[in-house]
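Peer 1: Protein chains in written order, with the numbering used here: chain A, 53 to 163; chain B, 104 to 494.
Since the hints were made in silico from the structure, they are not lab data. It is possible that some hints are incorrect.
Away from chain A, derived, C-beta distances all over 10 Å, residues of chain B [said to hold, decoys possible]:
#1 L133
#2 N191
#3 L272
#4 C328
#5 Q375
#6 Q395
Below, a list of computed lysine-lysine pairs in the DSS-like style, where the Cα atoms sit at most 25 Å apart [unchecked claim]:
#7 B:K178 - A:K143
#8 B:K368 - A:K107
#9 B:K224 - A:K149
#10 A:K149 - A:K120
#11 B:K185 - B:K120
#12 B:K169 - A:K143
#13 A:K113 - B:K185
#14 B:K465 - B:K178
#15 A:K113 - B:K224
#16 A:K120 - B:K178
#17 B:K474 - B:K427
#18 B:K169 - A:K120
#19 A:K143 - B:K368
#20 A:K120 - B:K368
#21 A:K149 - B:K368
#22 B:K185 - A:K120
#23 B:K224 - A:K107
#24 B:K465 - A:K107
#25 A:K113 - B:K178
#26 B:K427 - A:K143
#27 B:K465 - A:K113
#28 B:K448 - B:K427
#29 B:K368 - B:K353
The following residues of chain B were derived to be distant from chain A, with all beta-carbon distances above 12 Å [claimed, not checked]:
#30 R107
#31 E111
#32 C145
#33 G221
#34 D246
#35 P251
#36 E267
#37 D288
#38 A329
#39 V360
#40 L425
Keep in mind the model is a prediction, meaning the values are calculated, not measured. C-beta atoms are modelled at their ideal positions from N, C-alpha and C, and glycine is treated no differently.
Now for the letters of each chain:
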Amino acid sequence: SGGTGALAQWVLLELQGEVEPRQSGDLAGSLLGDLHYTCEGIPVLIVGHHILYGKVVQLEKPFAVLVKQGGASQPSPMEPHAHYTVTALIKTKLLFKTRPKPIITHVPKKV
Amino acid sequence: AAMRNRAEVDATLQTAKLNPAELLPAVHCLSFGPQAGGGECCLLQLEPGLCAELEAGRSLIIRGEKDEHAVLCSKDKTYDMKIADTSNMLLFVPGCKTPEELKADQASCNIIHSQIAGFSKNYWELRRCRPKLKKLRKLLMEDPYEGPDSQKDQTSTFSKYTTEDLLNLIQASEEEILHQLQVIDACKIKGYWRILDFDYEMKLLNHVTQLIDSESWPLSKVPLCACLEELGSLEPREMIEHILLSYGRKYVDDGEVFFEMHEDKICRAIAQMLLQNAVKFNLSEFEEVWQQSVPEGMTTRLDQLQGLALVDRSSRPETIFLLKVEDLPEDNQERFNSLFGIREKWTEVDITPYIQDLCAEKQTVGALLTKYARSSMLNGIKVYNSRRPIS
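Work out the full structure: start from the sequences and follow the hints.
Peer 2: Spelled out as structure tokens, the structure:
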């Protein structure tokens, strides 16, 4: 169902490949990377040792983000018969399709 | 994990050999939120109009029992849901700003710590579909209303359905359900939606047509008040009014309520009454009896029976039998299988009333025939038969 307040607007990041934690263990809490924009508005994502250049796309068909109600944290595939709430709308995506440019370095610079 | 600071961000830029002068000052440091891996969030791609509905505060409802494919319903439309896979990873980020938003807000924070709420490789795709309304009739036919004198209602153990019940059980939007209830002439009795038992319906109709005849009222101007007065002792007033509404068009003239009776619908109902008593009828005998059975002043025509009965012009003598479209399967392929099982070759004229309701928005009968049937010529006429052997 729809929310009673105004719906939040989120953004979608579309990346190639898989997202995997650097250390074994949960993804939760770990860093993905830094997202910059050039002065011309081109998104630049630095993930690990890679630089990704992307583009801002206004979605022809926006997305709704559905959150399953009932809280049971079963890692089950999407169940249409569960009860969902619309949490946010997504009208914009940052699409990173270009091949990542590796950053050549030995050690992340310590400050 | 500790949050990144400006110095660390700048160090990363330097390592990456990116020139800060070419970048907007604000940076988003992206990390995975606490719930990110939980799989509780998923994405639904919205068809035109649905986004506006959500923003207006209206609800979308996913409906379907365990054994049904889920559908999504807005206030007035129904959509099939299907999972679409992408080969990419989709991450959803609250509070992430676009370049325009950052430029517009010069005072914005230098570092924006954004938590990724979730991610997915797939999303729900929607496709507008016909509402699944066959179940509505099926539910209401579990316990048709036989009139106030029927003992059944008092002792009935069958389920009766309120509007709320129907909304929960039928895979269609509220507007589509309410519209269909009107189309099938359902009525609300004691808060429950009911369909009339056909014999009881004919009994009510007969009261009305006999009264019209004895009063010599024109079929286009049947007065409600007089009907209620004359028939009120025989049947409940609500039922008299209901039958008039089902078989007539209500209007007001000079402050009084009248009904313009639907000649076609009355003839059709009487045909059904005759046809349901046997497997098939000699066509010319049927046509004679039928014309004699309808009220004075009404003319019967075979085209009144579209979707109700089928004429067999290949048999000698020609025959006619009851075939109700609402008794046929709802699924396209199953419908065609069923029709080709009844008759091997169909003309377009004969089959159209039995597939018309399958047409999606902007789809034609011709398109359906192209998809589900194979055409050939028979005695100079184009006919359609099954694409596959019928088991």
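Peer 1: Now look at each hint and say whether the structure bears it out.
Peer 2: Outcome of the hint check:
1. Against the 10 Å criterion, L133 (chain B) falls within the reach of chain A, whose nearest CB is about 4 Å from its own CB.
2. Remark: the non-interface label on N191 (chain B) conflicts with the geometry, its nearest Cβ contact in chain A lying 5 Å away (cut-off 10 Å).
3. With a minimum CB-CB distance of about 13 Å to chain A, L272 (chain B) clears the 10 Å threshold, and the non-interface call stands.
4. For C328 (chain B), the requirement that its beta carbon stay farther than 10 Å from each beta carbon of chain A is met, with the minimum near 45 Å.
5. Taking the minimum C-beta to C-beta distance to chain A, about 38 Å, the non-interface status of Q375 (chain B) holds against the 10 Å cut.
6. With a cut of 10 Å on Cβ distances, Q395 (chain B) stays outside the contact zone with chain A, its closest approach being about 54 Å.
7. Proposed proximity of K178 (chain B) and K143 (chain A) is supported: the alpha carbons are some 22 Å apart, at most 25 Å.
8. Taking the CA atoms of K368 (chain B) and K107 (chain A), the gap is about 61 Å. The hint is violated against a cut of 25 Å.
9. Among the hinted pairs, K224 (chain B) with K149 (chain A) is consistent with the structure: their alpha-carbon atoms are about 15 Å apart, no more than 25 Å.
10. Restraint check for K149 (chain A) and K120 (chain A): not satisfied, since their Cα atoms lie roughly 30 Å apart, outside the 25 Å limit.
11. Only pairs whose Cα atoms come within 25 Å are accepted, and K185 (chain B) paired with K120 (chain B) is rejected, the gap being roughly 44 Å.
12. Note on K169 (chain B) and K143 (chain A): the hinted pairing is violated, with a Cα-Cα distance of about 32 Å set against a maximum of 25 Å.
13. At roughly 15 Å between alpha-carbon atoms, K113 (chain A) and K185 (chain B) fall within 25 Å of each other, so this suggested pair holds.
14. Simply put, K465 (chain B) and K178 (chain B) have alpha-carbon atoms about 20 Å apart, close enough for the 25 Å limit, and the pair holds.
15. Between K113 (chain A) and K224 (chain B) the CA atoms are separated by roughly 17 Å; this keeps the pair inside 25 Å, and the hint holds.
16. With a C-alpha separation of about 21 Å, the suggested pairing of K120 (chain A) with K178 (chain B) holds against the 25 Å cut-off.
17. Between K474 (chain B) and K427 (chain B) the CA atoms are separated by roughly 23 Å; this keeps the pair inside 25 Å, and the hint holds.
18. Distance hint between K169 (chain B) and K120 (chain A) is fulfilled; the C-alpha atoms sit about 17 Å from each other, no more than 25 Å.
19. Restraint check: the Cα-Cα separation between K143 (chain A) and K368 (chain B) comes to about 50 Å, which exceeds 25 Å; the hinted pair is violated.
20. Annotation: proposed proximity of K120 (chain A) to K368 (chain B) is violated, straight-line Cα distance about 48 Å (limit 25 Å).
21. Of the pairs offered as hints, the one joining K149 (chain A) and K368 (chain B) is violated, with about 61 Å between alpha carbons and a cut-off of 25 Å exceeded.
22. A C-alpha spacing of about 17 Å is found between K185 (chain B) and K120 (chain A), which places the hinted pair at or below 25 Å, so the restraint holds.
23. The straight-line distance between the Cα atoms of K224 (chain B) and K107 (chain A) is roughly 19 Å, inside the 25 Å bound, and the hint therefore holds.
24. For the suggested pair K465 (chain B) and K107 (chain A), the alpha carbons sit about 36 Å apart, so the restraint of at most 25 Å is broken.
25. Taking the CA atoms of K113 (chain A) and K178 (chain B), the gap is about 19 Å. The hint holds against a cut of 25 Å.
26. For the given pair, K427 (chain B) sits about 47 Å from K143 (chain A) by alpha-carbon distance, which is inconsistent with the 25 Å threshold.
27. Only pairs whose Cα atoms come within 25 Å are accepted, and K465 (chain B) paired with K113 (chain A) is accepted, the gap being roughly 21 Å.
28. For the suggested pair K448 (chain B) and K427 (chain B), the alpha carbons sit about 18 Å apart, so the restraint of at most 25 Å is met.
29. For the suggested pair K368 (chain B) and K353 (chain B), the alpha carbons sit about 15 Å apart, so the restraint of at most 25 Å is met.
30. Some Cβ of chain A comes within 12 Å of the Cβ of R107 (chain B); the nearest lies about 7 Å off, and the non-interface call is violated.
31. Not every CB of chain A lies more than 12 Å from the CB of E111 (chain B), the least distance being 6 Å, so the non-interface label is violated.
32. Listed as a non-interface residue, C145 (chain B) fails to keep its Cβ farther than 12 Å from every Cβ of chain A; the least gap is roughly 5 Å.
33. Separation of G221 (chain B) from chain A is inadequate, the least Cβ-Cβ distance of about 8 Å not exceeding the 12 Å criterion.
34. Every CB of chain A lies more than 12 Å from the CB of D246 (chain B), the least distance being 27 Å, so the non-interface label holds.
35. The claim that P251 (chain B) is not at the interface with chain A holds, since no C-beta of that chain comes within 12 Å of its own (minimum 40 Å).
36. Every C-beta of chain A lies more than 12 Å from that of E267 (chain B), the closest at about 15 Å, which supports listing it as non-interface.
37. D288 (chain B), annotated as away from the interface, keeps every beta carbon of chain A farther than 12 Å; the closest lies near 32 Å.
38. A329 (chain B), annotated as away from the interface, keeps every beta carbon of chain A farther than 12 Å; the closest lies near 49 Å.
39. V360 (chain B), annotated as away from the interface, keeps every beta carbon of chain A farther than 12 Å; the closest lies near 40 Å.
40. The beta carbon of L425 (chain B) is kept farther than 12 Å from every beta carbon of chain A, the shortest such distance being approximately 38 Å.
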